[in-house]
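Student: As they're listed, the protein sequences go chains A and B.
Each residue of the first sequence is one higher than the one before, starting from 4 at the first, in this note's numbering.
Each residue of the second sequence is one higher than the one before, starting from 41 at the first, in this note's numbering.
In silico DMTMM-like pairs for lysine to aspartate or glutamate, Cα to Cα no more than 25 Å straight-line:
{"id": "1", "chain 1": "B", "residue 1": "LYS187", "chain 2": "B", "residue 2": "ASP282"}
{"id": "2", "chain 1": "B", "residue 1": "LYS153", "chain 2": "B", "residue 2": "GLU238"}
{"id": "3", "chain 1": "B", "residue 1": "LYS153", "chain 2": "B", "residue 2": "ASP230"}
{"id": "4", "chain 1": "A", "residue 1": "LYS17", "chain 2": "B", "residue 2": "ASP230"}
{"id": "5", "chain 1": "B", "residue 1": "LYS187", "chain 2": "B", "residue 2": "ASP200"}
{"id": "6", "chain 1": "A", "residue 1": "LYS84", "chain 2": "A", "residue 2": "ASP72"}
{"id": "7", "chain 1": "A", "residue 1": "LYS17", "chain 2": "B", "residue 2": "GLU238"}
{"id": "8", "chain 1": "A", "residue 1": "LYS84", "chain 2": "A", "residue 2": "ASP219"}
{"id": "9", "chain 1": "A", "residue 1": "LYS17", "chain 2": "B", "residue 2": "ASP242"}
I should point out that these hints are in silico values taken from the structure, not numbers from a laboratory.
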Amino acid sequence: MRGPVGWWRDPWRKPRILVAILIGYLLWSLLPVIVAVLFSFNNGRSRTSWQGFSMRWYWGDPVRSVWHDASLHTAVVQTLKLGVLTTAITIPLGVLFAIGIDRWHGRLPEGASGVMLLSFVIPETLLAVALLFLITIIAVPFYLGTTAQVIGLVTFQLSYPAVLVRARLATIGRQYEEAAQDLGASPLSSMRRVILPMLTPAIFASTVLVFADVIDDFVIVRYLSGDSSTATT
Amino acid sequence: MARRRIRLSPWPVLSLPGIAWLALFFLAPLYVVLAIVFGSVDPTFRTPAPIWNPLHWQAGQLTYVLDRIVGSNAVFGPALLRTLVYVLVASTLCLTIAFPVAYYVARLSTRRKGLILALLIAPFWISYMMRMLAWVNLLGTDGLVNKTLSLGGLFDVHVDWLSGRSIVVILGLVYGYVPYMILPLYAGLDRLPQSMLEAARDLGANRARAFVRVVLPMCRPTIIAGVLLTSLPMLGDYYTNDLLSGSPSTAMAGNLIDQTVLTPGETGYAGAFVLLVLVVSLVPMLYYVRSVARSELTAT
Numbered sequence: 004m005r006g007p008v009g010w011w012r013d014p015w016r017k018p019r020i021l022v023a024i025l026i027g028y029l030l031w032s033l034l035p036v037i038v039a040v041l042f043s044f045n046n047g048r049s050r051t052s053w054q055g056f057s058m059r060w061y062w063g064d065p066v067r068s069v070w071h072d073a074s075l076h077t078a079v080v081q082t083l084k085l086g087v088l089t090t091a092i093t094i095p096l097g098v099l100f101a102i103g104i105d106r107w108h109g110r111l112p113e114g115a116s117g118v119m120l121l122s123f124v125i126p127e128t129l130l131a132v133a134l135l136f137l138i139t140i141i142a143v144p145f146y147l148g149t150t151a152q153v154i155g156l157v158t159f160q161l162s163y164p165a166v167l168v169r170a171r172l173a174t175i176g177r178q179y180e181e182a183a184q185d186l187g188a189s190p191l192s193s194m195r196r197v198i199l200p201m202l203t204p205a206i207f208a209s210t211v212l213v214f215a216d217v218i219d220d221f222v223i224v225r226y227l228s229g230d231s232s233t234a235t236t
Numbered sequence: 041m042a043r044r045r046i047r048l049s050p051w052p053v054l055s056l057p058g059i060a061w062l063a064l065f066f067l068a069p070l071y072v073v074l075a076i077v078f079g080s081v082d083p084t085f086r087t088p089a090p091i092w093n094p095l096h097w098q099a100g101q102l103t104y105v106l107d108r109i110v111g112s113n114a115v116f117g118p119a120l121l122r123t124l125v126y127v128l129v130a131s132t133l134c135l136t137i138a139f140p141v142a143y144y145v146a147r148l149s150t151r152r153k154g155l156i157l158a159l160l161i162a163p164f165w166i167s168y169m170m171r172m173l174a175w176v177n178l179l180g181t182d183g184l185v186n187k188t189l190s191l192g193g194l195f196d197v198h199v200d201w202l203s204g205r206s207i208v209v210i211l212g213l214v215y216g217y218v219p220y221m222i223l224p225l226y227a228g229l230d231r232l233p234q235s236m237l238e239a240a241r242d243l244g245a246n247r248a249r250a251f252v253r254v255v256l257p258m259c260r261p262t263i264i265a266g267v268l269l270t271s272l273p274m275l276g277d278y279y280t281n282d283l284l285s286g287s288p289s290t291a292m293a294g295n296l297i298d299q300t301v302l303t304p305g306e307t308g309y310a311g312a313f314v315l316l317v318l319v320v321s322l323v324p325m326l327y328y329v330r331s332v333a334r335s336e337l338t339a340t
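Okay, chain B solo, but in the shape it has when bound (with noise of 0.2 Å):
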């Protein structure tokens, strides 16, 4: 009987290093946190005491952050419902930006679609810190859309745009996110087949009957996945209501995670925190994680 000759394929070997790195830093981390939250606290240090064990573990840590969203002392609920609030409308207002600027960017063919690409791509290349602190800037109170309220000095307009007003802080996360979005929609919009909508314009549908009902079901997907890739991040934000609004009146769910992290003694809320949110965005996370590999297996 002929012997076969095992050919060790290559493909494991190269991604093996990759596969390590995710498991010990992204993976083992993410247990730590389930460690910390369901251990126990140091009595004389308050640092947290982690219990690796998982049928050890203690929901005390875990059921005080509980009470204190749900129960009677609702002092964390807020924060968090707000945070949803806020990323839902931000994600929306972000998607009713992004969409017609990709839409038109991917329909677009003249020579000057690269310049316009670049310009779309810039506000990656300006450090997020720099456009808040832009609008930080412009938002002061003898800053430029006061002055330009005040249309030159016809109204004495005096708003005081930065502290604790949560239509500032959704603008906020509106300009830092919207470029994240654009991308993607960019990306899924360009494969579109320009001839089906021409098919859709022949057989008599108008511009926004075309629209609705040939152009949007086939850009779902990407929808879907833009919507995602910046809703997602959007949870742990804590840096725009830093700086737009200094008041915890406007507080989200990472300026929760940030209060409490070094505070010795909440270190294990800050891991409730942390399993919150991350709990909050598994499904949707899970949800794009599936679309994406079930896109590739159909992908044309």
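If we strip away everything but chain A, and leave its shape as in the complex, we get (with noise of 0.2 Å):
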């Protein structure tokens, strides 16, 4: 069978259809975005039309641009300064967490581990207000700020390196570790030599994506800044 049917009916044929879904889906995804980069480089103040290539808003206008505005400068380091401390203080929590949790048998970790998962899934403004309730209402021995801040966002990041080292370990599977205390190795010292280098991948992509997920958090960010110092681009 030839022509439209024929090819159609033939099951052999290239996914086209499914070709264009994903091409239109990738263009749609990232075309505003691109825009939207692309505008930056405008010269005037518009961001719908063109007037001209420049680099005027990120070091040429002496006032309003990038380089030279004293409170963007603030905000960025406000936004690099969570992002490192939240990274650091989530990725050992988490992926200890989730070592412990996957090898320890009985109902305390099966309920932290609902826990956990409850963490992932909620909604990320009611976990802003509730630590905004704790921190303002109850005599907690820190302030809004800076230190609030970190609190929420680790809270918030804690579930990105459970659940992916979590899921790696299930793929590893028990039997390197056995092998290393077979020949002699005692528990935490064959978690620490064999299972923790295998992990490495997971540990590495969870770092990335919680560092990313920080930087561009901003309701956390905002209900639990004290002033115009923690307030982040």
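Dock chain to chain to rebuild the complex, using the hints, since each chain is given by itself in its own frame.
Tutor: Rendered as structure tokens:
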């Protein structure tokens, strides 16, 4: 059979419809952002009509460019500070949590695992408001500001490394650890010297994910910020 | 009788810091929300006065909010109902967009797969704010959308997209959350055994039947996980509505929380909204947790 009907019924034809959907999706997903980025090189203040190419908003304009605006500097520095601090706390905490929960059997770890998954899906606004209440209404030893923001962000992001590492642990299986223990290593030592190096891709992926997520987080950061010096971009 | 040496297992110690953190900074704040919702309001300063003992909880603020939802003075009801509708529609749209994309990429095996995966993950690196602002640019009165619709001057199209249009808010939600659905769908569809599909085709099913009767049932848990992972965070979204539609006629639950939390005297109402959203999403959340736990038991 030739012709369109034959083409449709051919079991070995190329999946052009799916390819078209994929390309359409990628364009729809990325083009608006690319257009916005292009307009950041616009010579005028408009975001919709092109007025010539310039680096005015990056370093040219003496008052309003990113290079010269001091409040933007504080915001960028605060963003990076939050990113580094949060990632540094979240990754060890999450990885150890995942390893411990994976090997520990009982009701408490199952409950903890459930709570951790809950913190994965909870809307960020709820967590931010709950933490805001915690900090402003109870006498806790820290105030709104960077400490509160870091605590909120860590709580929100803790589930990322935990989920990724647990998934990877499930794929790795127990045979390497058991082989190491057969050869004389203690459980902790076999974990440290065998499993942890095998988890490096998952740990790296979760570091990158957590950092990227914290850098553009604006809900928790906004609710838990103290004064304007802790506002982020 | 030989004495059994008690070996202290190291695993609980490893996970204790994480458990303590979650208890302190996740569970305790949720209890504080409960204490505030069922507490009272200081009459002079209009600040919330939490009541810690569950036996002394007062339902005053909660009944105030519930009255305003379903009673005669239903000012909050429309926003909450609208949130459910928006999230439902947006999740369905996300699924119809994400599933073909994830299905194709999961079954792709060329060397371009890495590049396509990188492009699919790219939105995670682009701030949510930035992606919404990109659409604000495009949808402005002299933005690219109006310019394209007017076909370069043929028609005079000056639609004001950014003021109180539900369809724009829904599209914003879809645009923002579709990447969150593609990744779990891809991860689940990746594990689909190709041999089953080929067996179905060998036994005479055509493409549609093979898909509906073999692939869909096999990836049902994946679809459920993807939908929950996308729709539950959407319930608390306020930013999309703030940016893409300045009007309160498209307000969502997140906007209600946002408006009441810092208003003196209404903090308890914010807590009540938080509680309501939590309760509405708790059942699907628990279902998700249980389905993940169960799938871990039966994972191959």
